[in-house]
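For this one, chain Y is given, so just place chain F on it according to the hints.
There are 2 protein chains.
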Amino acid sequence: MLMNNFTLIRRDNLTRARLGLLDTPHGSVETPFFMPVGTLATVKALTPEEILEAGGRVILANAYHLHLRPGVELIRKMGGLHRFMHWDRTILTDSGGFQLYSLADFRKISEEGVHFRSHLDGSMHFITPEMAVEIQEDLGADIMMCLDECLGYPATRKEAEESMRLTLRWARRCRRAKKTLDRALFGIVQGGMHADLRSQSAEETREIGFDGYAVGGVCVGEPKSSMMEILDQTLQELPVDRPRYVMGVGAPEDLVECVALGADMFDCVLPTRGARNGLLLTRKGRLSIKNARYASDESPVDESCQCYTCKHYSRAYLRHLYQSKEILAMRLNTVHNLFYILELMQGIRESIREGRYAEFRREFYMHRRQESEESTMQAISS
Amino acid sequence: MLMNNFTLIRRDNLTRARLGLLDTPHGSVETPFFMPVGTLATVKALTPEEILEAGGRVILANAYHLHLRPGVELIRKMGGLHRFMHWDRTILTDSGGFQLYSLADFRKISEEGVHFRSHLDGSMHFITPEMAVEIQEDLGADIMMCLDECLGYPATRKEAEESMRLTLRWARRCRRAKKTLDRALFGIVQGGMHADLRSQSAEETREIGFDGYAVGGVCVGEPKSSMMEILDQTLQELPVDRPRYVMGVGAPEDLVECVALGADMFDCVLPTRGARNGLLLTRKGRLSIKNARYASDESPVDESCQCYTCKHYSRAYLRHLYQSKEILAMRLNTVHNLFYILELMQGIRESIREGRYAEFRREFYMHRRQESEESTMQAISS
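Residue numbers (my numbering), protein chains in the order written: chain Y, 582 to 963; chain F, 582 to 963.
Since the hints were derived computationally from the structure, they do not count as laboratory data. Note that the structure is a prediction, hence the values are computed from the model and not measured. Do not rely on the hints blindly, as some may be mistaken.
Put simply, identical chains are the same to the list, so a pair is met inside one copy or across any two.
[Said to hold, decoys possible] Only pairs whose alpha carbons sit at most 25 Å apart, straight line, appear in this in silico DSS-like list of lysine-lysine:
#1 K892 <-> K865
#2 K865 <-> K805
#3 K805 <-> K760
#4 K739 <-> K805
#5 K739 <-> K906
#6 K689 <-> K871
#7 K906 <-> K658
#8 K906 <-> K871
#9 K739 <-> K689
#10 K739 <-> K871
#11 K739 <-> K759
#12 K658 <-> K805
#13 K892 <-> K871
#14 K892 <-> K658
#15 K760 <-> K865
#16 K871 <-> K658
Next up, chain Y with everything else stripped away, as it sits in the complex:
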């Protein structure tokens, strides 16, 4: 019953990095890859053609958001999400577990499902694991995610265990609810920052059997070292022959490290939301374009970058647009950041293919300056 959708092409000798090929109804994609976030059926500020040009092949959309607006029934009537948003490549939809945790004004979790209040209009909604799968099937997603309970940080061991157990019971229900044969469904490993709970979650999620496995509940406020320890362990406990997806990770250094731990898929708002807040990613590190030092800087964001923004515009112009709150600022910044991240992923894939990932990783750090101008969290939370 499981899909035969993933082929391992090559494994790195010095790290656990791997090059793979993921087949989906809307194309085959080499892993490891990064998914630009297109929450509301649009990757903010860009057209589908621009995402393709930047190297994007898979986008992530949010079932939670689309369920609330414009509604899944509407999108189904319009021929599905791909047609609605003019994107004919792969789409992964998040089930809403994380959004229920981070966005809903009110949520009440029971065995049956989640009652929650819409962050848009305060209306009450109820969602079950079965409904979460049905919604994603109606959207026409290529890759669907189980409904999970996303636990905050910190959490007691008892909370983490109960939550993990509930997520497992929901995972079984999601698995049974799936009707489509050509779409993939991924299970999500939870368990907070507790190594043994993560192990149990990984083992039992494997036993249920999914087309791919995600690590959820990271990047929720825990220290970076805890996150990397949990990922290090959990990724080793997932099947070798299935794609492994680290949810919510997307800072350049985290991508490089998680790939070394054997992760295949990523998504994060950092490159896009950061761009809209003036945070630009470069080979040398981050820069904040609002900084007065760029007011008359004729150089591009990144001298070595071949993106549209770097080919045609100076930092001075980008700063002017940003200060003036111009829409073009958000566009040009987003084009650059996505190009940077997707080119980084391409470099990662090529270096694994050529058996030199450890070297690629060393060079990545060599290029970077000691300090970034602005912390990532600052830029993506504002």
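Frame of chain Y; chain F shown alone:
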């Protein structure tokens, strides 16, 4: 001393419409044409490539805005406005007369010039006619406008006359201040809604001698019929062998009428600002994309339109983006509206070339519905 920058190609038999060619340091452009407004060195939401693709060849930037932010000295250092904003076609800069009237928190006009308070930070500034020309020369504009006093509506005859006389004295000073030989300077006819004052202003502005002539002080709140009467008269009093620019006009029906009266150049925020407010221009009239009737409408904005937006997106998707306040909504709407207006101008030029402008104008009205969903003023003032 005046430039030989305008060639009449053809005059219509039944109307006063004319086809011409305007030469500028950044290309020759056929008239009549419409200039997308790029106030702050960006046509809001679009890249230069998208403006070109929509058919735009001349954009309008605002010396007033650029003087305040990021400053003309900075743009000069960065190689001028063309290079700064990555637009290598023609740029016309408005002097700031209209912006001083509509935007400044405070303005005090004397013979010497205008004291005003910046709408951005409340700082005090002083500008003279000579400075207005120098600023525009520093920006590197292809076509510069004299500093004028833009009169509000209504105004007494005495106010209108005094203001018109001041504008004439300033026009003489602008003419003397101009240093560049290859850049054009246009005079602006004022005089409020008083036919005799408009005549005097046109005559004396002609006597000073400019590379082109604009009609200012229209679209400032007067009834449409008064505006058309004044334009009808004033355009006839301007030299046949010079380009005539009607400032601030850009509603489709006004473009068609003003061309029939012999106007050659236009600018207006309507297509771009309207787009950002959900107002879409079509052959059949206007539509407001926020209207619930489009929620599940699979058709494009305009069935007959070949723009990127109409080729790939449904009204339902555009409505969803607009309701969700997505940046892509502003982009796709702006792409469509500019394409529509610039294609209309192309149709106007072709029909004059082929001696069938009166017929084109008849057909234009035949396509339109009786009523628009929303008034133009509503959409561009919100």
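Structure-based check of each hint:
no., hint, result
1, K892 <-> K865, "within (18 Å within a copy, 40 Å between copies)"
2, K865 <-> K805, "within (21 Å within a copy, 58 Å between copies)"
3, K805 <-> K760, "neither (38 Å within a copy, 62 Å between copies)"
4, K739 <-> K805, "within (23 Å within a copy, 73 Å between copies)"
5, K739 <-> K906, "neither (47 Å within a copy, 41 Å between copies)"
6, K689 <-> K871, "neither (41 Å within a copy, 33 Å between copies)"
7, K906 <-> K658, "between (36 Å within a copy, 22 Å between copies)"
8, K906 <-> K871, "both (11 Å within a copy, 24 Å between copies)"
9, K739 <-> K689, "within (18 Å within a copy, 71 Å between copies)"
10, K739 <-> K871, "neither (45 Å within a copy, 48 Å between copies)"
11, K739 <-> K759, "neither (30 Å within a copy, 79 Å between copies)"
12, K658 <-> K805, "neither (43 Å within a copy, 44 Å between copies)"
13, K892 <-> K871, "within (20 Å within a copy, 36 Å between copies)"
14, K892 <-> K658, "between (41 Å within a copy, 19 Å between copies)"
15, K760 <-> K865, "neither (47 Å within a copy, 45 Å between copies)"
16, K871 <-> K658, "between (43 Å within a copy, 19 Å between copies)"
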